[in-house]
Structure formats: C-alpha cells, structure tokens
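Single-letter residue listing:
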Amino acid sequence: MKRRVADYTEACYRAMERGRDLGVYAILRIQHRAERSVSAANGAIQSAHCDERSGMGVQVITPDGATGHACTDRITPEAAERLVEDAARLASMSQGYGARKVDGHQRMPRLITSVHCEAPMGIENFSHEEEQRLVAKASAETAAIDPALACHTAYGIVHEEWRVVRSDGTDVMFNMPRAVCRSSITARDASSGRAASVGAAVSGRDASIIATPEGWERFMKRSRTQARTALALLEARGVKAGSYRLVIDYALAKGLAHEAFGHSAESDGMRTSILWRDGKFMAGTRVAPPNVSIVDGPVEGDYAYQPVSSNGVLRGTVHIVRDGVLTSALADAFSAAEAGVEPTGAGRAESYRDVPLPRMSNIRLTVADPIPMPRDFEDVTPEHVRDALVGAGLLQEGQVVLYLSGYKGGQVNPAKGDFVFNCSAIYELTTSAIRLRLPAIFSGKVLSALAAILAGIGDPVIDAQGTCGKKGQGVPSSGGANMFLVIDAAPDIRIGGV
Amino acid sequence: MFAANDTAEALAKALATAAGWRLTVTSSARLSMGMDDGELGGAYSPPRKVQEVSGSVFIVWEDGTVSKGLVSGSTIEQLKTKMSMWRSAAYRDDDAAHIAPLAEPAPVGLSDPRVAKVVQQSPRLAFDTLTAIASTARKAGADNVDASVACAAGNTVTATSTGLWVSYAHTSLSCGWVLNKSFAMWRLGRALETWKGLEPMVASTGEMLAASRNRVELAGGRVRVIFWPAVVDQLVQHYLVHNLSGDMVVEKRSRFSLDQFAAGHAAFRNDFSLELDTTIPMAPGSYPCTDEGIPGSKVVLVDGGRLVTPLLNTKYARKSGLAPTALPAAGLSPGYAGFRLRLGEPLAYGAMLSSADEALLVTGVLGMHTQDPVSGNFSLAASDALLVKEGRLVGAAKVVISGNFFDILGDSDTAAAVHPAYETPALAGVCRVEA
Numbered sequence: 001m002k003r004r005v006a007d008y009t010e011a012c013y014r015a016m017e018r019g020r021d022l023g024v025y026a027i028l029r030i031q032h033r034a035e036r037s038v039s040a041a042n043g044a045i046q047s048a049h050c051d052e053r054s055g056m057g058v059q060v061i062t063p064d065g066a067t068g069h070a071c072t073d074r075i076t077p078e079a080a081e082r083l084v085e086d087a088a089r090l091a092s093m094s095q096g097y098g099a100r101k102v103d104g105h106q107r108m109p110r111l112i113t114s115v116h117c118e119a120p121m122g123i124e125n126f127s128h129e130e131e132q133r134l135v136a137k138a139s140a141e142t143a144a145i146d147p148a149l150a151c152h153t154a155y156g157i158v159h160e161e162w163r164v165v166r167s168d169g170t171d172v173m174f175n176m177p178r179a180v181c182r183s184s185i186t187a188r189d190a191s192s193g194r195a196a197s198v199g200a201a202v203s204g205r206d207a208s209i210i211a212t213p214e215g216w217e218r219f220m221k222r223s224r225t226q227a228r229t230a231l232a233l234l235e236a237r238g239v240k241a242g243s244y245r246l247v248i249d250y251a252l253a254k255g256l257a258h259e260a261f262g263h264s265a266e267s268d269g270m271r272t273s274i275l276w277r278d279g280k281f282m283a284g285t286r287v288a289p290p291n292v293s294i295v296d297g298p299v300e301g302d303y304a305y306q307p308v309s310s311n312g313v314l315r316g317t318v319h320i321v322r323d324g325v326l327t328s329a330l331a332d333a334f335s336a337a338e339a340g341v342e343p344t345g346a347g348r349a350e351s352y353r354d355v356p357l358p359r360m361s362n363i364r365l366t367v368a369d370p371i372p373m374p375r376d377f378e379d380v381t382p383e384h385v386r387d388a389l390v391g392a393g394l395l396q397e398g399q400v401v402l403y404l405s406g407y408k409g410g411q412v413n414p415a416k417g418d419f420v421f422n423c424s425a426i427y428e429l430t431t432s433a434i435r436l437r438l439p440a441i442f443s444g445k446v447l448s449a450l451a452a453i454l455a456g457i458g459d460p461v462i463d464a465q466g467t468c469g470k471k472g473q474g475v476p477s478s479g480g481a482n483m484f485l486v487i488d489a490a491p492d493i494r495i496g497g498v
Numbered sequence: 001m002f003a004a005n006d007t008a009e010a011l012a013k014a015l016a017t018a019a020g021w022r023l024t025v026t027s028s029a030r031l032s033m034g035m036d037d038g039e040l041g042g043a044y045s046p047p048r049k050v051q052e053v054s055g056s057v058f059i060v061w062e063d064g065t066v067s068k069g070l071v072s073g074s075t076i077e078q079l080k081t082k083m084s085m086w087r088s089a090a091y092r093d094d095d096a097a098h099i100a101p102l103a104e105p106a107p108v109g110l111s112d113p114r115v116a117k118v119v120q121q122s123p124r125l126a127f128d129t130l131t132a133i134a135s136t137a138r139k140a141g142a143d144n145v146d147a148s149v150a151c152a153a154g155n156t157v158t159a160t161s162t163g164l165w166v167s168y169a170h171t172s173l174s175c176g177w178v179l180n181k182s183f184a185m186w187r188l189g190r191a192l193e194t195w196k197g198l199e200p201m202v203a204s205t206g207e208m209l210a211a212s213r214n215r216v217e218l219a220g221g222r223v224r225v226i227f228w229p230a231v232v233d234q235l236v237q238h239y240l241v242h243n244l245s246g247d248m249v250v251e252k253r254s255r256f257s258l259d260q261f262a263a264g265h266a267a268f269r270n271d272f273s274l275e276l277d278t279t280i281p282m283a284p285g286s287y288p289c290t291d292e293g294i295p296g297s298k299v300v301l302v303d304g305g306r307l308v309t310p311l312l313n314t315k316y317a318r319k320s321g322l323a324p325t326a327l328p329a330a331g332l333s334p335g336y337a338g339f340r341l342r343l344g345e346p347l348a349y350g351a352m353l354s355s356a357d358e359a360l361l362v363t364g365v366l367g368m369h370t371q372d373p374v375s376g377n378f379s380l381a382a383s384d385a386l387l388v389k390e391g392r393l394v395g396a397a398k399v400v401i402s403g404n405f406f407d408i409l410g411d412s413d414t415a416a417a418v419h420p421a422y423e424t425p426a427l428a429g430v431c432r433v434e435a
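Which chain is which? The protein sequence lines are S and L, in order.
So the first sequence is residues 1 to 498, counted in my numbering.
So the second sequence is residues 1 to 435, counted in my numbering.
Rather than coming from a laboratory, the hints here were simulated on the basis of the structure.
Remember, predicted model here, so these are calculated numbers, not experimental data.
All residues carry an ideal CB built from backbone N, CA and C; glycine is no exception.
Check each hint, because a few of them may be wrong.
[Claimed, not checked] PhoX-like cross-link-like pairs, simulated, lysine-lysine; straight-line CA separation at most 20 Å:
| id | chain 1 | residue 1 | chain 2 | residue 2 |
| --- | --- | --- | --- | --- |
| 1 | L | K68 | S | K470 |
| 2 | L | K398 | S | K416 |
| 3 | L | K398 | S | K471 |
| 4 | S | K137 | S | K280 |
| 5 | S | K137 | S | K240 |
| 6 | S | K240 | S | K280 |
| 7 | L | K80 | S | K240 |
| 8 | S | K416 | L | K80 |
| 9 | L | K80 | L | K68 |
| 10 | S | K280 | L | K181 |
| 11 | L | K68 | L | K13 |
| 12 | L | K117 | L | K181 |
[Unchecked claim] Beta-carbon label-pair distances, calculated as ranges:
| id | chain 1 | residue 1 | chain 2 | residue 2 | range |
| --- | --- | --- | --- | --- | --- |
| 13 | L | S84 | S | D369 | 53 to 59 Å |
| 14 | S | R237 | L | S167 | 55 to 61 Å |
| 15 | L | R215 | S | H319 | 51 to 57 Å |
[Unchecked claim] Over 10 Å on every C-beta distance to chain L, these chain S residues come out as not near it, computed from the model:
| id | residue |
| --- | --- |
| 16 | H69 |
| 17 | H128 |
| 18 | R224 |
| 19 | A283 |
| 20 | S293 |
| 21 | G301 |
| 22 | G398 |
| 23 | G496 |
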C-alpha cells in the first residue's frame with residue numbers, strides 16, 4: 001500500500017542536510033491524517049465531516065544539548081530547511097537562559113522500516129453514507145427506548161500515517177487506523193426536573209465496530225443497558241460517603257491503571273511522581289498483591305495502537321508491575337538514562353506540532369486466577385456480579401459491596417498519588433438486595449488502591465477507550481482489566497457523597 | 001506560508017458555483033516555551049515556533065445538501081481534491097443549509113503590534129518572562145516550578161456568499177505557573193501587558209503554597225467553601241455553558257428546555273445574571289463576527305434569575321425559532337471567553353476572605369470533567385483545600401467536596417466576590433465536605 005508520507009523524501013533529505021550544515025541533530029516528524037466523522041441526535045444527522053491534513057515538525061538538538069522545535073502545515077523541501085533553522089535558532093537562544101540539556105538521542109537505535117496495520121473496513125474501504133445511516137440508526141433506536149431519553153451518537157474514523165527521520169539515518173513509516181462510536185444518553189424527568197447522563201462506546205481499528213453484525217449488536221447492547229440505567233437513575237438516591245469494598249468494571253479498572261498508575265510510571269515524571277525516589281524508578285518494590293500485573297503496549301487492531309514511537313523507535317510491551325512487583329517504567333530515550341531505566345519507545349505525540357512525551361498506549365491490569373464469569377461482558381447483570389462475589393465468599397450476610405459501573409473519566413495528580421474517577425452508576429450489593437444509587441466519585445491514593453485489590457472476575461476485556469491528555473496533547477488511549485476487579489475497603493479509598 | 005487572504009480568495013473562487021458558503025481562514029505564527037521542574041526547555045518543553053494556516057469551510061450545494069471541511073496551508077494546492085472530498089461527504093441538514101444574511105461585524109481591536117514583533121523578531125522577551133516567573137516563584141518559597149509562556153500573531157478572514165468579507169489582525173499572549181505541582185495560575189490576553197505585573201500574582205500563589213504546608217485535620221460536614229475564581233470558571237463551563245448551549249437545549253440534553261426559555265423560567269436566584277460579551281476591546285474572547293458571520297455582541301443569557309436565550313448558532317436558532325447569538329470562542333475558559341456572572345452585590349475578594357470566620361478555600365479540583373452537567377451534582381476531590389480561619393489561610397487538607405451547583409447558586413447565603421486578576425468572581429457557598 002502506498003503511503004502518503006512516502007511522498008516527502010526530498011523534504012526529509014533537505015532537513016537532514018540542513019541539520020548537518022548547522023551542526024545539530026534533527027528529528028523530523030511528518031504526519032498525514034485522514035478523518036471522517038458523523039454525529040446524530042435522536043436519529044437526525046447533526047454533522048458530518050471528512051478531511052485530510054498533513055504537516056511536519058522538526059526537533060533539533062545542538063551539540064551542547066539545547067533543543068528547539070518548529071513546525072508548519074506545508075511540507076516542502078524549502079519549508080523543511082527553514083524549520084531546521086528556526087528550531088536551531090530557538091535552541092541556541094535557550095542556551096543563554098540555562099536551558100535543560102538533552103541527551104539520549106545518540107543511544108536511539110537506527111531504524112529503517114515501514115510498519116503497516118491492516119484495516120479491512122478502514123476509511124478508504126467503507127462508505128460515508130453507510131456510516132451516516134448507522135450512526136443515525138443507533139441514535140434513533142436508543143432514544144426510542146423511552147420518551148424521557150435523548151441520545152447523541154458520535155462516530156469518528158481516522159487513518160493516521162507518520163514518518164520519522166533522524167540525523168542518524170533512521171527513516172521509519174507507520175500507520176495507526178482507528179475508529180470509535182459513542183452515544184451520550186440523557187434521561188430527563190420533566191415533572192421533577194431530575195436528569196441523568198450516561199455513555200456507551202465501542203472502539204477499534206475500523207468501521208467494523210458498528211458495521212458488522214457483531215459490532216452493531218455489541219454497541220447497541222451497551223447503549224440499551226446504559227439507557228435503561230439512565231432511566232432508573234432518575235429515581236435513584238445517593239450513596240452514603242465512606243470506604244467500602246468495591247467492584248469496578250474493566251473500564252474503570254483501565255482508568256485506575258492508566259490515570260492512577262501508568263502516568264506515575266512515565267519517565268518524564270521521575271523527579272516528582274510517586275513511583276520514583278530521588279529521580280530513580282522504584283523497581284523491585286512490591287506495590288500490589290502477587291496475583292496482580294500491569295502491562296502496557298501496542299495491540300494491533302486496538303484503538304490506541306502505535307507500533308513505533310514518535311521518536312522513531314519500536315515501541316515495546318512493558319511489564320510495569322509483574323506479580324505485584326514494580327518492574328519497568330515507560331521511558332523514552334531522553335529521560336531513560338537519567339532515570340536509570342531502559343528506554344521502551346514510549347514517546348507519543350498528538351501531532352506534528354508536538355514534541356513526544358513518554359506515555360501509554362494500551363494498558364491492562366490483570367489479576368491471575370480470576371473468579372469465573374462465563375458470559376460476555378455485555379450480558380453481565382448486577383445480579384451476576386453479586387452472585388460471583390457471594391460464590392467467592394467476598395460478599396457475606398450483613399455486608400455491603402458497591403459495584404461501580406461505567407467509566408465517566410478520571411484525573412490524577414502523579415506527584416501526590418491522588419486520583420479521582422467517576423462512574424455512571426453505583427449498585428449497592430447485599431446478599432438479599434441490589435439497589436441502584438447515583439454515581440459518586442471514587443477517590444483515593446494510587447498505591448492504596450493497588451494494594452487493596454482482592455480478586456478479578458472474568459477474563460480480561462481491553463477495549464476501554466479514551467483520550468489521554470498530557471501537557472496539552474491528547475492521544476488515543478485504551479486498555480482494560482478482568483471484566484471486574486474487587487477492591488477491599490481501605491481508609492485511603494473513598495466513595496464521595498452527592 | 002500563504003496568507004489567510006490568499007487562501008480565502010482561492011476558496012471563495014472555487015466555491016462560486018455552490019448555492020451558498022462561508023469560510024474562516026487564519027494564518028498565524030506562534031511562539032511558546034516551558035519550564036518543567038524548574039528547568040527551562042528540555043526534551044518535553046523546548047522553545048517552539050508554529051506557523052500554519054487553519055480554518056473551516058461550510059458549503060451549501062445546489063441540491064440542498066451541506067458539507068463541512070477544514071482549511072490548512074496546503075488547501076490552495078489541493079483545492080480540486082478538497083472540493084471533491086467535501087462534495088463526497090455532503091449530508092442533508094435542512095436547518096443548517098443557510099448562510100447568514102450580511103451583517104456589519106463588530107468593530108473591536110484585537111491586535112498589539114508589539115506582540116507580533118516578539119513572535120516574529122524578538123523572542124527574548126518570552127524567555128525573560130518565563131525566567132522571571134520562575135525566579136519570583138522560587139522567592140515565594142516554591143521548591144518545584146512548572147511554567148509556560150506563549151504568544152501568537154495572525155490574521156483571520158471570515159467571508160460568506162452573502163457578501164461578508166472581514167479581515168482582521170489579532171494577537172494573543174498567555175503565561176501560567178504551577179508551584180509544587182499544587183497551586184496554579186494562568187493569564188491570557190492580547191496585549192503585551194499580559195506579561196507584566198506578574199510578581200504579585202506569583203507571590204500570592206506562593207502564599208497559598210506556604211499555608212498548605214501546615215496540614216490540618218478537618219471534621220467535615222456542611223462547610224462554607226470559597227471557590228477560587230478559576231474553579232468557578234470550571235463550574236460555569238461544566239454546568240452553565242453546557243446547559244445553555246443551543247444544541248443541548250434543542251436536542252433535549254440540557255437541564256433547561258426551549259419552553260422554559262420562552263416562558264422566562266426563573267431558574268436561578270433573582271439577583272443572578274449571566275451574559276456573554278464578545279466585543280470587549282483586546283479581550284481574548286472577542287471577535288468581529290463568528291465563523292458563521294454573526295456579529296460579535298453582548299448576549300444576555302440569564303437576567304434576574306430568568307432564562308432569556310440559549311447560545312444559538314444559525315442552525316439551532318432556526319430550529320428553535322429564535323435569533324442567532326454571539327458564541328463563546330472555542331477553547332477559552334468562561335471568564336476569558338467573555339462570560340460575565342453576577343450574583344447579588346459582589347464583595348471584593350479580599351473582604352470575602354478576611355470576613356470568613358472559618359471556611360475552606362478551594363483553588364483546584366480533580367475530576368470536574370467526570371461530573372454530570374445536567375443534574376448539577378458534583379463530587380470533587382481537592383488535594384489542598386486551604387483552611388481559612390478569622391480571615392487568614394492557616395493550613396490545608398485533602399477533602400472531597402460534594403453538592404449541587406444549581407442548589408448552591410440558588411442558596412440565599414451564597415455570595416460572589418470580585419478578584420482583581422479574574423473576570424469570573426469567587427463564590428462562597430455551603431457544601432458537604434468529607435475530610
């Protein structure tokens with residue numbers, strides 16, 4: 001397959017040549033992005049969009065270790081030369097202000113390759129008209145469940161190509177196809193004024209997420225379940241704030257692994273994140289029970305697939321936690337050596353405008369020997385969860401366990417280890433009853449939450465999708481866990497009240 | 001780089017056969033730099049320069065279908081391909097298939113030539129500003145400083161098939177700092193003065209940091225909470241702007257219905273008002289006209305506690321039978337976008353703080369984006385809520401605060417206070433606090 005970014009070899013050559021002339025090390029990043037999107041509200045198309053954009057950015061490093069970056073959305077040999085000059089000028093100027101020195105780029109292995117991810121129902125192989133029809137239908141069918149419901153469905157499909165060329169002769173091309181469809185569902189009781197919002201989503205590499213019978217059924221099952229939850233939430237009451245034994249679904253568990261743990265394992269946070277002491281990664285430290293592991297790495301076909309870092313290094317699969325012990329950090333070449341860890345090709349950039357930062361791709365938290373859950377995630381009800389807990393002796397007479405369902409986002413302060421997540425709904429489980437409660441934040445200390453993991457339920461599901469924000473850049477993220485995690489009550493882990 | 005005018009002219013020519021069109025094209029240059037953990041630059045925050053053309057186009061085709069497209073620096077060279085791509089993605093949206101009639105753009109100044117000079121010729125001022133922020137922060141007691149500065153200069157053309165052609169220059173500056181990964185402040189403006197007089201602001205952030213070093217035990221319960229203006233901005237964005245957005249209202253995903261706007265429903269306290277003004281000279285959120293050609297103006301959204309109008313683009317204005325309004329500039333917090341919130345007779349912030357016998361000052365929260373905007377319920381963590389006793393900051397604690405933002409706005413005990421560094425007031429109201 002011909003790559004669009006392959007057309008710019010002359011610009012790559014001229015940038016490297018200009019870098020040589022100026023005596024600077026250059027990393028050129030070219031991005032080509034084709035995208036389509038559709039949104040529909042209650043069955044009516046609200047917006048559709050189709051476009052392509054390209055651009056290039058150059059990061060230079062002077063012999064003294066100063067760095068600068070320049071970018072433009074016009075890819076020509078002349079522009080490439082000018083970018084190197086602009087970036088070198090800024091780098092040189094920053095040296096006079098005592099700028100932090102950069103190294104590590106010399107240790108990046110030279111790489112010349114092209115990595116291609118197939119997307120059989122990708123942006124070029126599926127019609128926009130059909131996408132519009134399916135999105136409108138999903139939105140209409142969900143809203144039609146009850147007159148109190150409104151549904152906004154948004155779909156996006158992207159084909160992104162990158163080319164990274166460096167002064168050491170590296171020239172690597174790769175693509176990242178992805179698609180997501182999400183319904184935001186609002187239930188509103190006009191008489192009481194009460195309202196509740198929930199969401200349902202599917203993601204993957206291409207339009208098959210909604211265009212195959214299996215994909216469609218999965219999305220609609222999730223949408224129907226969430227729509228009914230939204231309606232029921234109109235009558236629900238809040239849960240008393242406090243510490244509880246908790247069950248969280250795999251999407252919330254992905255949030256925990258990503259927000260609360262993965263970010264803390266990124267090497268650019270070595271000076272302040274909680275998993276680092278005196279600038280060094282605390283490898284060898286036990287942070288979780290022995291049956292818990294956390295792994296990050298690209299998974300082909302996944303929404304957040306990225307096989308090569310934005311610095312032109314193959315991205316590795318990293319065991320951040322293996323059998324409960326902190327093992328490896330997510331590192332790029334620029335901070336690995338200082339942090340005393342191995343580089344793992346973790347650098348990712350949102351676009352050619354940005355410099356890469358160490359960050360996750362698909363992160364999954366798994367518990368060995370999980371409690372069996374012999375059904376698809378979409379078919380699991382709160383009763384099934386309750387029965388699994390009772391069967392495993394984790395819910396006993398007189399005890400209350402809160403089951404947090406649906407991930408509505410989260411945030412973490414890696415320096416303090418504080419995290420917050422929100423869910424769509426809470427089920428209060430006892431051996432004799434299940435009560436739906438209003439969502440409330442799940443907050444606490446990262447290490448306390450990890451140490452309190454009691455068990456996993458079901459096989460891993462790793463398609464929880466999101467956008468990871470860091471230093472103003474948003475990149476696709478995904479991951480998951482066993483269908484459910486059981487977390488014991490701990491003073492540092494709270495369910496906030498409403 | 002092609003100028004915005006060149007791209008806009010080429011586009012307008014190519015679109016001449018369409019039934020209608022509108023376009024916005026911006027050419028800009030931007031300079032930015034940052035500091036992580038007290039050190040300027042480095043691999044993750046190097047000084048950066050961005051030059052690009054951006055914008056959007058909206059086309060009404062002869063068959064009544066419509067298309068949306070993006071504009072970039074290569075649009076002129078790829079115009080034929082782009083037109084074909086946009087045509088292929090056309091869809092039917094009868095309410096959207098209209099171009100606003102010609103209206104006089106608002107005359108509002110948005111450019112400071114001194115800023116353009118910094119961007120294009122003399123970036124040293126940006127370096128100087130960044131290092132000055134760090135120096136003041138260290139003097140104020142910060143062990144760890146993250147900071148950034150940015151400035152940009154550009155030109156925008158907005159044009160429509162109904163005869164609008166407005167071209168204007170604009171500049172912007174920003175700077176921000178985070179002390180010990182905990183206490184932050186952010187400034188945004190269009191004139192060079194945005195980077196001046198920062199020392200007292202950095203120092204006041206340092207005072208909060210100093211107070212937070214004394215960790216205190218709190219009993220929790222129902223507590224008077226003073227929401228720092230930046231937090232109020234987040235609350236306004238999440239709960240008010242969301243529910244006042246025309247698309248949300250018309251699609252029934254808002255707390256408020258069109259009928260309630262028509263009836264002037266009393267949704268808030270009768271001394272509450274909210275308006276959007278996009279014509280304030282040199283304000284970050286001001287503009288001559290929207291991308292659709294609707295002139296910048298002052299829009300009263302809530303007056304005397306009663307709903308007046310949602311924020312309406314031309315499509316949702318048509319769907320709701322109301323007039324289109326000015327809209328908030330994308331990506332800006334409400335205060336910078338031009339929203340002005342009033343609640344009762346505002347105090348001065350200093351007076352609010354000094355008169356507080358006991359309260360919690362919340363300057364930052366985790367998890368706002370995870371909250372349900374329609375219900376108004378919130379449950380947020382604050383790692384460093386500052387304890388105020390007898391008007392002084394005396395310590396800090398990690399807390400979870402919860403409540404309902406609409407209930408707080410409706411409470412007769414809730415008060416607003418004007419802070420000199422912010423357009424949005426601080427708010428003091430009672431919340432549930434879990435320590």
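We went through each hint and held it up to the structure:
At most 20 Å may separate the alpha-carbon atoms for a hinted pair to count; L/K68 and S/K470 exceed this at roughly 29 Å. With a CA separation close to 11 Å, the supplied pair L/K398 and S/K416 stays within the 20 Å bound. About 24 Å separates the Cα atoms of L/K398 and S/K471, which puts this hinted pair outside 20 Å; it is violated. Only pairs whose Cα atoms come within 20 Å are accepted, and S/K137 paired with S/K280 is rejected, the gap being roughly 52 Å.
Simply put, S/K137 and S/K240 have alpha-carbon atoms about 39 Å apart, too far for the 20 Å limit, and the pair is violated. Distance restraint check for S/K240 and S/K280: the Cα-Cα separation of roughly 40 Å exceeds the 20 Å cut-off, and the hinted pair is therefore not satisfied. Note on L/K80 and S/K240: the hinted pairing is violated, with a Cα-Cα distance of about 61 Å set against a maximum of 20 Å. Annotation: proposed proximity of S/K416 to L/K80 is violated, straight-line Cα distance about 53 Å (limit 20 Å).
At most 20 Å may separate the alpha-carbon atoms for a hinted pair to count; L/K80 and L/K68 meet this at roughly 15 Å. Taking the CA atoms of S/K280 and L/K181, the gap is near 19 Å; set against the 20 Å cutoff, the hint holds. Between L/K68 and L/K13, the direct Cα distance comes to roughly 17 Å. Compliance with the 20 Å bound is thereby established for this hinted pair. The straight-line distance between the Cα atoms of L/K117 and L/K181 is roughly 33 Å, outside the 20 Å bound, and the hint therefore fails.
A C-beta distance of roughly 57 Å is found between L/S84 and S/D369, which places it inside the suggested range of 53 to 59 Å. In this structure the hint that S/R237 and L/S167 lie 55 to 61 Å apart at CB holds, the actual value being about 57 Å. One distance hint, 51 to 57 Å for the beta-carbon pair L/R215 and S/H319, is violated here, with the actual separation near 35 Å. A beta-carbon of chain L is positioned within 10 Å of the beta-carbon of S/H69; the least distance is around 4 Å.
With 10 Å as the threshold on Cβ separation, the claim that S/H128 sits away from chain L is violated: the shortest Cβ distance comes to roughly 5 Å. Listed as a non-interface residue, S/R224 keeps its Cβ farther than 10 Å from every Cβ of chain L; the least gap is roughly 18 Å. Distance check on S/A283: its Cβ is at least 21 Å (rounded) from any Cβ of chain L, clearing the 10 Å threshold; non-interface status holds. Non-interface status of S/S293 relative to chain L is upheld: no Cβ of that chain comes within 10 Å, the nearest being about 27 Å off.
Look at S/G301: its CB is around 26 Å from the nearest CB on chain L, clear of 10 Å, so calling it non-interface holds up. No Cβ of chain L comes within 10 Å of the Cβ of S/G398; the nearest lies about 24 Å off, and the non-interface call holds. Not every CB of chain L is more than 10 Å from the CB of S/G496 (nearest about 4 Å), against its label as outside the interface.
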